[in-house]
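Same order as they appear, the protein sequences are chains A and B. First residue of the first sequence? That's 1 in full-length UniProt numbering, and the numbers climb one at a time after it. First residue of the second sequence? That's 1 in full-length UniProt numbering, and the numbers climb one at a time after it.
Hints are computed from structural coordinates only; laboratory data are not their basis. Glycine residues also receive a C-beta, built at the ideal position from the N, C-alpha and C atoms. Do not rely on the hints blindly, as some may be mistaken.
Partial selection, computed: residues in chain A whose CB lies under 7 angstroms from chain B [claimed, not checked]:
#	residue
1	Leu16
2	Gly187
3	Glu190
4	Ala194
5	Lys210
2 protein chains.
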Amino acid sequence: MMPTPVELLTIGYELLIGKVVNTNAAWLAAEFTKRGYSVTRITCIGDNEDEIASETKRAIERGAQIIVTTGGLGPTFDDITARSVSKGLSLDCVINEEALKMIEQKYSSLNLPITPERKKMAELPRGSKVLRNPVGTAPGFAVKKGDFLVVGFPGVPQELKEMFKLYADELFPPKGEMVEFFVKARGVPESSAAPVVERLVKANPFLYIKSHPQSSEGSSYIEFHVYSVTSDPRIKSACERVAKELASELIKMGAVIV
Amino acid sequence: MMPTPVELLTIGYELLIGKVVNTNAAWLAAEFTKRGYSVTRITCIGDNEDEIASETKRAIERGAQIIVTTGGLGPTFDDITARSVSKGLSLDCVINEEALKMIEQKYSSLNLPITPERKKMAELPRGSKVLRNPVGTAPGFAVKKGDFLVVGFPGVPQELKEMFKLYADELFPPKGEMVEFFVKARGVPESSAAPVVERLVKANPFLYIKSHPQSSEGSSYIEFHVYSVTSDPRIKSACERVAKELASELIKMGAVIV
């Protein structure tokens with residue numbers, strides 16, 4: 001069974017000018033991988049309605065089953081993710097009464113009135129399930145169009161993480177787990193190990209091996225990462241066996257396993 | 001004058017499983033922004049020939065003038081960036097004699113022979129300028145198709161950075177600079193500041209203001225980032241003036257500028 005393909009759409013100019021490192025994408029990618037999903041693409045674009053709408057559409061065309069957006073849910077004029085996703089899905093973007101209540105309660109507790117900017121955060125794709133934000137103010141949303149699920153989270157990392165934890169089991173039920181084994185070797189250049197890695201991956205198409213040379217080819221430390229995403233315990237054993245075989249082949253080449 | 005649009009195509013499964021945070025993208029985005037270019041999109045995909053080829057093509061269709069790839073230049077079987085970019089540009093991927101010489105010299109200095117895996121690193125899009133790698137082994141490439149420039153850098157951050165520094169002035173000559181001013185305010189929620197930010201951005205379309213609330217809306221610390229990419233000193237003055245106006249508006253709302 002192929003893992004469910006997920007795309008991440010991280011939205012915000014602060015990422016495009018390099019002011020912010022996209023740790024949200026790496027965090028989400030690791031979480032989805034652990035749950036047995038396969039992140040197939042991470043796209044970062046600015047707060048641009050047409051681009052967000054067209055990437056949402058294109059994710060469907062590419063065969064993704066889930067797209068997760070981060071960013072653009074707040075009160076400022078350039079927070080336009082909900083409206084843009086609605087456009088991409090050909091859904092109306094409407095005031096969601098439950099979201100509005102959450103926002104009203106929040107501001108009422110701060111003794112602040114509901115302004116148009118605050119009300120805007122309750123405008124969500126028609127049919128959305130509202131996602132409560134236990135840290136900040138802007139609610140998230142989850143909306144289906146046919147079998148395609150779009151989930152919108154805020155861009156503030158702490159808000160994203162807390163909301164993901166609240167809703168992950170419901171929205172992204174675990175489909176397996178990531179099994180992984182590491183082989184750390186000194187004394188063999190990556191290019192010498194390459195044919196062995198290729199043979200092992202081709203003979204075991206259910207797993208993947210990446211070599212991560214820690215500095216240049218001339219020096220000698222490489223971390224090999226043998227992994228698979230699966231719910232089958234036999235695959236876990238097979239990964240372990242392949243990692244051992246890799247280590248023994250590297251030793252034959254003169255490597256020291258560390 | 002609109003800044004030259006650049007897309008970053010960061011390649012590698014290690015990014016898609018969240019094993020690696022994409023610091024390369026943020027670093028490149030900041031470097032291009034400082035040089036007066038505009039990064040319009042950052043895409044992260046796996047080592048997949050068709051996807052790399054089609055994203056290269058699509059970047060051209062979207063109006064990018066430069067695409068920079070990172071990753072996939074090494075000796076392992078899944079290092080296929082040069083071949084995939086060639087496909088996207090409808091160019092042959094051929095042994096580049098200059099690249100081959102660099103690689104031969106490197107391995108000869110390590111007393112290692114040229115294997116097919118090592119030779120593969122010299123296969124580059126036809127017509128490429130070879131980029132020397134002072135840290136590692138895999139050379140980079142720069143190739144034009146019409147006015148569209150594709151530059152391929154390695155994914156190892158230290159190699160990427162050294163090679164960028166070596167070739168940036170030639171490949172990406174400075175077209176201006178990023179001018180930026182920060183306003184840090186306590187005591188005003190982001191949603192209260194939003195209408196002022198919107199008015200200032202609409203009145204000064206040559207600049208951008210992003211508000212970065214440092215925690216939840218209920219608390220009160222926001223960093224406002226007023227910036228533009230320009231070679232015009234009048235725009236720098238205008239950004240400074242707008243930052244001052246923003247600060248004075250926030251003070252009127254009860255904020256403390258810190």
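So, going through the hints one by one against the coordinates:
1. Proximity of Leu16 of chain A to chain B holds as hinted, the smallest CB-CB distance being about 5 angstroms (cut-off 7 angstroms).
2. Below 7 angstroms, beta-carbon pairs count as interface contacts, and Gly187 of chain A has none with chain B, the closest being about 12 angstroms; its hint is therefore violated.
3. Because the closest C-beta pair between Glu190 of chain A and chain B is about 6 angstroms apart, less than 7 angstroms, the hint holds.
4. The criterion of a C-beta within 7 angstroms of any C-beta in chain B is met by Ala194 of chain A, whose closest approach is roughly 4 angstroms, and the hint holds.
5. Hint status for Lys210 of chain A: holds, given a least beta-carbon distance of 6 angstroms to chain B, under 7 angstroms.
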